[in-house]
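*Asks:* The primary structure of each chain is shown beneath.
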Amino acid sequence: MDKKGYYGQWGGAFIPEVLYETFRELGRAFEEARSDPDFWPEYLRLMSSYSCRPTPLTHAANLSDHFGGAGIYIKREDLNHTGAHKANNVMGQGLLVKRMGKKRVIAETGAGQHGVATATMAAKFGFACTIYMGEEDVARQRPNVFWMEKLGATVIPVTSGSRTLKDAINEAFRDWVTSMDDTHYVMGTVCGPHPFPEMVAWFQSIIGREARRQILAAHGRLPARVFACVGGGSNAMGIFQGFLDDPEVELIGVEAGGHGIETGQHAARLAGDDGSAGVAQGYKTMFLQDSDGQMRDTHSVAAGLDYVGVSPILSDLWEKKRVRFTAATDREVMAALELTMRKEGIIPALESAHAFVQAFKEAPAMSRGEALIINMSGRGDKDIFTIADAFKDPSWKQFIIDKGRQYAAD
Amino acid sequence: MDKKGYYGQWGGAFIPEVLYETFRELGRAFEEARSDPDFWPEYLRLMSSYSCRPTPLTHAANLSDHFGGAGIYIKREDLNHTGAHKANNVMGQGLLVKRMGKKRVIAETGAGQHGVATATMAAKFGFACTIYMGEEDVARQRPNVFWMEKLGATVIPVTSGSRTLKDAINEAFRDWVTSMDDTHYVMGTVCGPHPFPEMVAWFQSIIGREARRQILAAHGRLPARVFACVGGGSNAMGIFQGFLDDPEVELIGVEAGGHGIETGQHAARLAGDDGSAGVAQGYKTMFLQDSDGQMRDTHSVAAGLDYVGVSPILSDLWEKKRVRFTAATDREVMAALELTMRKEGIIPALESAHAFVQAFKEAPAMSRGEALIINMSGRGDKDIFTIADAFKDPSWKQFIIDKGRQYAAD
Amino acid sequence: MQLTEYLREQKAEKKILLMTHLVLGYPSFEVNREVIRQMVDNGVDLIEMQIPFSEPMADGPVILKANQAAIENGAKVRDCLDLAAEITAAHPIPFLFMTYYNILFKYGVAKFFRKAAAIGIRGFIVPDLPPEEGEEFLALAKEYGIAPIMIYAPTSTEKRMRELAKPGDGFIYCVARRGVTGRKTEFDRDFGDYMARCRRATDLPLAVGFGIGSRQDVDSLIGQADIAVIGTKTIRLVDEQGPAAVGPFIAGLR
Amino acid sequence: MQLTEYLREQKAEKKILLMTHLVLGYPSFEVNREVIRQMVDNGVDLIEMQIPFSEPMADGPVILKANQAAIENGAKVRDCLDLAAEITAAHPIPFLFMTYYNILFKYGVAKFFRKAAAIGIRGFIVPDLPPEEGEEFLALAKEYGIAPIMIYAPTSTEKRMRELAKPGDGFIYCVARRGVTGRKTEFDRDFGDYMARCRRATDLPLAVGFGIGSRQDVDSLIGQADIAVIGTKTIRLVDEQGPAAVGPFIAGLR
Ligand SMILES: Cc1ncc(COP(=O)(O)O)c(C=O)c1O
Ligand SMILES: Cc1ncc(COP(=O)(O)O)c(C=O)c1O
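Chains as they are written, first to last, in our numbering: chain A, 29 to 438; chain B, 29 to 438; chain C, 148 to 401; chain D, 148 to 401.
Bound conformation, chain A alone (with noise of 0.2 Å):
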């Protein structure tokens, strides 16, 4: 790392004086726990008693033949409690909501799944719990809403802006200037201001130091290539930390492209030429704005991926051509993800899918004794409702249907 907080020319914290103090005392508390030689085993207890850690690394035998190059491998962050990569970030920021002596916590959350996984966390550590999501969202996510409203949590619909995403944090920070005193700021993925990023990664690096032990294991060498999908970069960061040293593996960043890059409706922030550099919502990185640096409407089927910034620790690596970056379109996720669901039983998250888009188009090429890893984020169950309309499909639409006449008959 370059100056405090930054990646390259990437990162900062852009905060409100009123929040400078909060910052420093969760910049300390953060420092203290990462060289507390006591914290990591205990994150790791935790991750492994309540969450289901490690979690596997699945050879997907029948995709490999498939393709008939690389050997698949796909890293199984779909098993943890909650159903996505979430939980490892939210856990490990509970145990330092509890060294910090907090009593309430704040998110927002996007696809809804880091506003499940932070009020789990609340629940299981007895804190109070908000959730700011995007009115858009709410509507889009509704199963994800109530059981965050079933798990204790207040779940507050964001009218501003686009609705969605950035807005929520938006919202999450109003809260925060206000609240600081007993309440912490559960960030949900590897962006915001500095520590956020630094913090975040290193929770999330739990999945890439047991995917390279797991990999050496099953492969017997390292992967030729890594995919993940990037909508903060959360799932990322966590897997690519495990090979950042290595040259010979190939990290490859895959975000949302939407209808098609070519069309401006998607969430590509890095891959392709619509991202240009800014600072909003408290840090530096590569954003959808327009040339006043008003931030920009993004689309993607993947609410998770749906968002205007993206981590600054991965705008450098792609500055630096660590990592490279691709994207991947709705209609392709949807291919993606129904060849995985038939050949391997397994059903990625939308947003996950993504980067199965991409290992798909590149294993074929590659050679036999070659391994790839996917990082398989999350589940596509809380998809249905998503993932049903994709497929227009006729039954579940008559479900839909009958149970709504029921109800508005009740």
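Each hint should be verified, as a subset may be incorrect.
Unchecked claim - Below, in silico cross-link-like pairs of lysine-lysine (DSBU-like), each with a Cα-Cα straight-line distance of 30 Å or less:
{"id": "1", "chain 1": "B", "residue 1": "K349", "chain 2": "A", "residue 2": "K425"}
{"id": "2", "chain 1": "C", "residue 1": "K306", "chain 2": "C", "residue 2": "K331"}
{"id": "3", "chain 1": "A", "residue 1": "K425", "chain 2": "B", "residue 2": "K420"}
{"id": "4", "chain 1": "C", "residue 1": "K223", "chain 2": "C", "residue 2": "K212"}
{"id": "5", "chain 1": "B", "residue 1": "K131", "chain 2": "A", "residue 2": "K431"}
{"id": "6", "chain 1": "C", "residue 1": "K313", "chain 2": "B", "residue 2": "K32"}
{"id": "7", "chain 1": "A", "residue 1": "K425", "chain 2": "B", "residue 2": "K425"}
{"id": "8", "chain 1": "B", "residue 1": "K32", "chain 2": "C", "residue 2": "K258"}
{"id": "9", "chain 1": "C", "residue 1": "K306", "chain 2": "B", "residue 2": "K130"}
{"id": "10", "chain 1": "B", "residue 1": "K32", "chain 2": "C", "residue 2": "K289"}
{"id": "11", "chain 1": "B", "residue 1": "K431", "chain 2": "B", "residue 2": "K32"}
{"id": "12", "chain 1": "C", "residue 1": "K212", "chain 2": "B", "residue 2": "K31"}
{"id": "13", "chain 1": "A", "residue 1": "K31", "chain 2": "D", "residue 2": "K212"}
{"id": "14", "chain 1": "A", "residue 1": "K31", "chain 2": "D", "residue 2": "K313"}
{"id": "15", "chain 1": "B", "residue 1": "K130", "chain 2": "C", "residue 2": "K262"}
{"id": "16", "chain 1": "A", "residue 1": "K131", "chain 2": "D", "residue 2": "K331"}
{"id": "17", "chain 1": "A", "residue 1": "K32", "chain 2": "D", "residue 2": "K212"}
{"id": "18", "chain 1": "A", "residue 1": "K420", "chain 2": "B", "residue 2": "K31"}
{"id": "19", "chain 1": "C", "residue 1": "K313", "chain 2": "B", "residue 2": "K131"}
{"id": "20", "chain 1": "B", "residue 1": "K126", "chain 2": "A", "residue 2": "K420"}
{"id": "21", "chain 1": "D", "residue 1": "K331", "chain 2": "A", "residue 2": "K348"}
{"id": "22", "chain 1": "A", "residue 1": "K32", "chain 2": "D", "residue 2": "K331"}
{"id": "23", "chain 1": "D", "residue 1": "K306", "chain 2": "A", "residue 2": "K126"}
{"id": "24", "chain 1": "C", "residue 1": "K262", "chain 2": "C", "residue 2": "K223"}
{"id": "25", "chain 1": "D", "residue 1": "K262", "chain 2": "D", "residue 2": "K212"}
{"id": "26", "chain 1": "B", "residue 1": "K349", "chain 2": "A", "residue 2": "K431"}
{"id": "27", "chain 1": "A", "residue 1": "K420", "chain 2": "B", "residue 2": "K431"}
{"id": "28", "chain 1": "B", "residue 1": "K126", "chain 2": "C", "residue 2": "K212"}
{"id": "29", "chain 1": "B", "residue 1": "K31", "chain 2": "C", "residue 2": "K289"}
{"id": "30", "chain 1": "B", "residue 1": "K31", "chain 2": "C", "residue 2": "K306"}
{"id": "31", "chain 1": "A", "residue 1": "K130", "chain 2": "D", "residue 2": "K306"}
{"id": "32", "chain 1": "D", "residue 1": "K289", "chain 2": "A", "residue 2": "K130"}
{"id": "33", "chain 1": "B", "residue 1": "K32", "chain 2": "C", "residue 2": "K331"}
{"id": "34", "chain 1": "C", "residue 1": "K223", "chain 2": "B", "residue 2": "K31"}
{"id": "35", "chain 1": "A", "residue 1": "K31", "chain 2": "D", "residue 2": "K258"}
{"id": "36", "chain 1": "A", "residue 1": "K389", "chain 2": "A", "residue 2": "K349"}
{"id": "37", "chain 1": "A", "residue 1": "K31", "chain 2": "D", "residue 2": "K331"}
{"id": "38", "chain 1": "A", "residue 1": "K32", "chain 2": "D", "residue 2": "K289"}
{"id": "39", "chain 1": "A", "residue 1": "K31", "chain 2": "A", "residue 2": "K348"}
Bear in mind the hints are in silico, worked out from the structure with no lab data behind them.
Since this is a predicted model, take the numbers as computed values, not measurements.
Here the structure of chain A is known, so what remains is to put chains B, C and D with the ligands in place on it, guided by the hints.
*Replies:* What follows is chains B, C and D with the ligands alone, placed relative to chain A:
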């Protein structure tokens, strides 16, 4: 075991002659697998690389404090791939099918969990797959039907009888008597004709083997009591087998009390006095039947417990008083579910929540030095339609109404 | 006279015998009476009366539906036994009970045999009771002189058939093909091999059931089997055309 | 004349100065013109003009909505600068830009300073730019003689305040309380302690903002602060009663 395939007076193989050879072959394949020293390790390898075994034993510190008695531990079968213990059985049978060289699997399903697990296994092993599911369950469990189909299975709604689980079992047998040459019937629980109860119990014993080791590590000695819900009885047998030889460990099976045993609308075969000995679906056990021997309609909020029969092994353990049986009502289940979500950030399946009910009743009167284990057979995400219904969640209803109108307008 | 001997005698006079089937209480006991009368009047040699069961695992959709409808209509086991008593008294041919084991089990197996013997029932067909599970059943069958009808299937090995023949009596019910009742059977080369295997395994008369519904089907069994069993077909006929259609149909079968 | 000196001079004549705020382009540039005229005519001492940004993290719902409406109405940064040029030329009081850092960053920080200086802007308030991140910004501020307005918060320690004062110029913007713009502030004992802390940490004039909306609020600041900042209140007023209501409101504040 007594007479082959019998547990005390229970069990047997009441099968049509046309399946005689099929069962012989299956029995042989099973015996060979069981005595093959490589088989169980192969099974463990599969379960730890494709699913997330060993699943954790979570210390529920908040619930323990809340009740102020025994230390409460939760065995996390919800963290299995596909979200329930059903995966253990299905993957094991998948390995057997491979050994037998068959190319197609069929299964019955009630809640849909076993159907999803079987469809998943079939995708993974490359088998064709047909799932029989009562028409009523198809309607109640549409999300699971959707996933089964997406996983490549054909789901056949069964319109006979009560259009629920038992009818799906009959229908699966009707398929099997035609197709046995290339088809294996993946029985979903520790019921049915010999060798199914023994085989399913063997695969599910992975739960108890792990749990025993884990509780000794976490608590230093054996638990005083172990609670499991009982539909067919596979998750219960799975965990109980870890402690059957320890007379100091009390084993408690919790059946579906539905609207209350006194109402007759329940599925309690062993708790209460409504069950009686009978022979159906290929085996002898305690059934809910009328004085003519016709099977009765059962009721439970949990589709997976809504079944007329019960494992012959459990009938024997009940008769021998090794396992105590109780029932939890639908209402108690919703309360236990809510408490568990709030206190621990854990969402049990409606089936599993039955075990929580009874543990919660008994924990306060137990001493602080004692431990109890609840087998959490599955996760509750799958039950969102039922749970949201039960909680009469207005936003959820509105969401479904809107979605239904939108589909109707398409 | 024992059932087997009766069948041998009848067979001496006919190229093939006919056994028909019906579900007691479906569509009603009233119709059962009429259907049986038509069957007997038109030369049927023996009749299996199915006592309905809620889980008729080995039956196809038509008989399944008949079972469930009978139960829903309120047909109790007691009613079935009463009707059976009336029928056996009224008609000179042998009658058998076909049902699933739970009906006997719940009634009390010994008590059921006693009752059936009193009624004059000549045999039991219980498709979900293999002899391995039937120790008590077989002993009682011997005691009461009720033939326990064993079942052969195309999947049975010759060795298995010989074993089944031992406790068997009356005749052997040869299931014509894999699957449940009600679907069409092809009487092809494989079928011939199967019947030859059955013949080698036992001296008992052979009945062939599953999927037989026309004179052509019955004809094709001549020389291979002793009894042709008509099941689903008559139920369908009664459903579609009423009981009066049964007589002409039976008359036309041979 | 430097902004600080101007403020000291003005303060010498008045018990307290008034700074008002508005969002450029909201509800329209036309209304901005009228509102500013009313403000100036009624004795406002200085005005902060907010260039809208899509992610105004430190602003409450009213100003947030104004930002987003302005952008949706098509207000571009260029248009804001054009209006600002027109305004500074037309009115004799000092004007400041308030905005978020991305607006400067994307425009080019140096270029933005050059432009602002050319227009005659006297200070910048950038709530998401702490001095740690503002090296270039502070250097340019010095170069162009535009006051970089530092912000104090109730959570700032006295040590931190002293550090902030160093690069600061013009005045210090004291955020009256935790939270975002637009909610009511209690001017209680804690507030007094806070202001005393601010006063000890710097010689620069102190402006107090967040939640000031009445003569009573303004009065309670006299003696504790040099400048009262009226933000959300006038936006609400224009929303509800139109620009003509601004003049009387301002006139009544002191
Ligand atoms: C399953 C899943 N994968 C990926 C993401 C994207 O986030 P990140 O890039 O931080 O991993 C999300 C965010 O909600 C998610 O839920
Ligand atoms: C989550 C879960 N638990 C329990 C059961 C009941 O089955 P068993 O008693 O065989 O464990 C089911 C059956 O579908 C289930 O899905």
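*Asks:* None of the hints should be skipped; say for each whether it holds.
*Replies:* Tested hints:
no., hint, in the structure
1, B:K349 <-> A:K425, "violated, 49 Å"
2, C:K306 <-> C:K331, "holds, 28 Å"
3, A:K425 <-> B:K420, "holds, 22 Å"
4, C:K223 <-> C:K212, "holds, 16 Å"
5, B:K131 <-> A:K431, "violated, 37 Å"
6, C:K313 <-> B:K32, "holds, 21 Å"
7, A:K425 <-> B:K425, "holds, 16 Å"
8, B:K32 <-> C:K258, "holds, 27 Å"
9, C:K306 <-> B:K130, "holds, 24 Å"
10, B:K32 <-> C:K289, "holds, 25 Å"
11, B:K431 <-> B:K32, "violated, 55 Å"
12, C:K212 <-> B:K31, "violated, 35 Å"
13, A:K31 <-> D:K212, "violated, 35 Å"
14, A:K31 <-> D:K313, "holds, 21 Å"
15, B:K130 <-> C:K262, "violated, 46 Å"
16, A:K131 <-> D:K331, "holds, 25 Å"
17, A:K32 <-> D:K212, "violated, 34 Å"
18, A:K420 <-> B:K31, "violated, 54 Å"
19, C:K313 <-> B:K131, "violated, 36 Å"
20, B:K126 <-> A:K420, "violated, 35 Å"
21, D:K331 <-> A:K348, "violated, 48 Å"
22, A:K32 <-> D:K331, "violated, 37 Å"
23, D:K306 <-> A:K126, "holds, 28 Å"
24, C:K262 <-> C:K223, "holds, 15 Å"
25, D:K262 <-> D:K212, "holds, 27 Å"
26, B:K349 <-> A:K431, "violated, 44 Å"
27, A:K420 <-> B:K431, "holds, 13 Å"
28, B:K126 <-> C:K212, "violated, 36 Å"
29, B:K31 <-> C:K289, "holds, 23 Å"
30, B:K31 <-> C:K306, "holds, 23 Å"
31, A:K130 <-> D:K306, "holds, 24 Å"
32, D:K289 <-> A:K130, "violated, 41 Å"
33, B:K32 <-> C:K331, "violated, 36 Å"
34, C:K223 <-> B:K31, "violated, 33 Å"
35, A:K31 <-> D:K258, "holds, 25 Å"
36, A:K389 <-> A:K349, "holds, 20 Å"
37, A:K31 <-> D:K331, "violated, 39 Å"
38, A:K32 <-> D:K289, "holds, 25 Å"
39, A:K31 <-> A:K348, "holds, 17 Å"
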